[in-house]
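K.L.:
Build the full structure now, drawing on both the sequences and the hints.
What follows is the residue order along each chain.
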Amino acid sequence: MSKWDISKMNAWKAEQFPLRGVIPDAGNSRDYVTGGWRSERPVRDVETCTDCLLCWVFCPDTAVRVENEKLADDTFDLDHCKGCGVCANECPVEAITMVPEGCELPEVK
Amino acid sequence: MAEQKTVATTGNSVVAEAFRQCAPDVVAAYPITPQTTIVEEFAKIVAQGRVHTEYVTVESEHSAMSACIGAAAAGARVMTATASQGLALMWEELYIASGMRLPIIMANTNRALSAPINIHCDHSDVMGARDSGWIILFAETAQEVYDNTIMAVPIGEDPEVLLPVMTCLDGFITTHSIDRVQLMDDDSVTAFVGDYEPQNALLDTDNPVSHGNFAGLGGPYFEFKKTQRLAIDCSKGVIERVGEAFSKLSGRPFGLIETDMMDDAEVAIVVLGSTAGNVRYVAKQMRAEGVKAGLVKIRCFRPFPVEEMVSALSDMKAVGVLDRADSFGAEGGPVFLETRSALYDLESRVPVVNYIYGLGGSDVRLDLIRTVYTDLSDIAAGSASLHGMQYLGAR
Amino acid sequence: MEQLTEIRWHARAGQGAVTAAKLVAETALAADKYMQAMPEYGPERMGAPIKAFTRISPDPIDIHCNIEHPNVVIVLDDSLLDVVDVTEGLVDDGTVIINTCTPPDAAKRSLGVADGVTVACLDASGIALDTIKRDIPNTPMIGALAKVTEAVDIDTVKSLLEVTFGKKFGQEIIDANIASVDRAYEEVVVA
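Taken in sequence, the protein lines are chains Y, C and U. Residue numbers for the first sequence follow this note's numbering, so the first one is 1 and each next one is one higher. Residue numbers for the second sequence follow this note's numbering, so the first one is 1001 and each next one is one higher. Residue numbers for the third sequence follow this note's numbering, so the first one is 2001 and each next one is one higher.
All clues stand as given, with none of them false.
Computed cross-link-like contacts, DSS-like style, restricted to lysine-lysine with a CA-CA straight-line distance of at most 30 Å:
hint, chain 1, residue 1, chain 2, residue 2
1, C, K1317, C, K1236
2, Y, K13, C, K1226
3, U, K2133, U, K2168
4, U, K2022, U, K2147
5, U, K2133, U, K2022
6, C, K1236, C, K1225
7, U, K2168, U, K2147
8, U, K2033, U, K2022
9, C, K1236, Y, K13
10, U, K2033, U, K2147
11, U, K2168, U, K2033
12, Y, K13, C, K1225
13, C, K1005, C, K1044
14, Y, K8, C, K1226
15, C, K1225, Y, K8
16, U, K2033, U, K2167
17, C, K1292, C, K1317
18, Y, K3, Y, K13
19, C, K1226, Y, K3
20, C, K1225, Y, K3
21, U, K2167, U, K2022
Hints are computed from structural coordinates only; laboratory data are not their basis. These numbers come from a predicted model, not from an experiment.
P.N.:
Right, here's the structure in full:
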């Protein structure tokens, strides 16, 4: 969450919006969660993965996490991954598979 | 009072001179008759190093206003000038400039719109932009052009306003005629306009902001438009305050509307721009003949000075509104529609008639103005009925 | 206007919800009813959650505001149940039709809807894959709609598919779509 709290924006009166509609904050696009667009999620096979980081290079949403020049254990930022499958397509060792989202209802799982 | 020198110069020259004295950071413009000599002269001033302005030459008016918007969002004081088709080409950017609350100053040298092709004066260009959220000032003389241009800066840049300001001068009639003008000394103008302190400037890298954001899909677009309406409503008081301060400095009066011979007038003409002079001249003649003629000149068209118009016109027996632009298919021209609407809530019913005049630079002869006052006298005496809208002097 | 039926469609862009909303409206027209069908205007992105709306009435429809209290909610993708409050504003005796493998009684518990709400489930994606050979579950959902509500009539739906799809697709695809409607009509299960 950025420092500009917009959680109640839909109830703001005209005077409460910043002048000229600026967003008085930087980097707030990370608050725009696009994970809900996804119908398939990427899953990494750690055994097969060589940490070549091509998925990180290709991901159009910078949703691949890297720590210490290796893929992070929690590899995919699912708040922003749109499930496009580019990572799985580009992976040279086929270590990423796209798995359908939500086959079952949450409570029934 | 400022030190002043009286010179013989044109309306366009005084715009360039006022621009120099207000020292904009950026001017982006594209030449178009009858505005050309404004940007030519200002370019020359920049080339001579007499002002530290970034002068951006662009390939169209669309780009000119786009560049102005970018520069103003970055935090610059920005000025430009255009006319006619050029203003029309800026149309979408006009709304962006006001919506983004950027106090850009623009001189518009009123000229007819094609077709047929015509380079001469009428107000069709600015009337097409009347709902774009800009503050719009009109000038009768080169002197008023100079004064309006300087006043536009502290009006637009007022933190409670932050809106673009268009200062209108009649093409050729005011732009190219040599007139007697008092120019103030540079120091007085510099002190009067002050330094521009932009808010939310893009170049303020310590406080990063994002401009021009999306507000649709149930977003707050409607609320932003409300703040724009509040700002232009609030600008009225600011314009009066700035006008008062300017009057003290220059010794020249300024009002949202300016009235002549209205104290005991029975019939009045409402007019914008240079034609006010013709009307004043004829009104004096009519008075010598026993007609109680008066004149209301609107200097500030946006925001429309409703209260001032009501107070000036409420006791009239007949009012004639001169429009140098038609609103095709409407009941009359734009000034007529707004004037008559302003008078609607009065207890008494003031008869108001409309004259479309001078389109495409058609000469506004004194006998035409005389016709209007004669019509109004007949209406006031009950010997003529309201005639709605007429094309004054068209064959 | 008491017989006004308001339908809200939840889907992901690309699943054919807008086409389905239109098809249902055209079915209503064929039954000499009045109708509106409108997408939720916004940026279209394959996979993004979208909404579409259909109004059906035996009388002329004068209103043009958003549908806030739908009688019927149709969910083309059960992964949306995590993301979107699909039952928002649903009337107490409304209907929810979901494309899912989950049994309807479990789905009803999961949605937490009022007792009076009818919840119907079918594996529309499975039907679509069997018949149309692609996971475009829109036409099966119309088959289910015809079964569960009186908003549309199954025979009218099928004859309209011939006409409207006939402009764009070959007979094979039309037949596949009609088969998907028939199977959905048979297979939908109500809680």
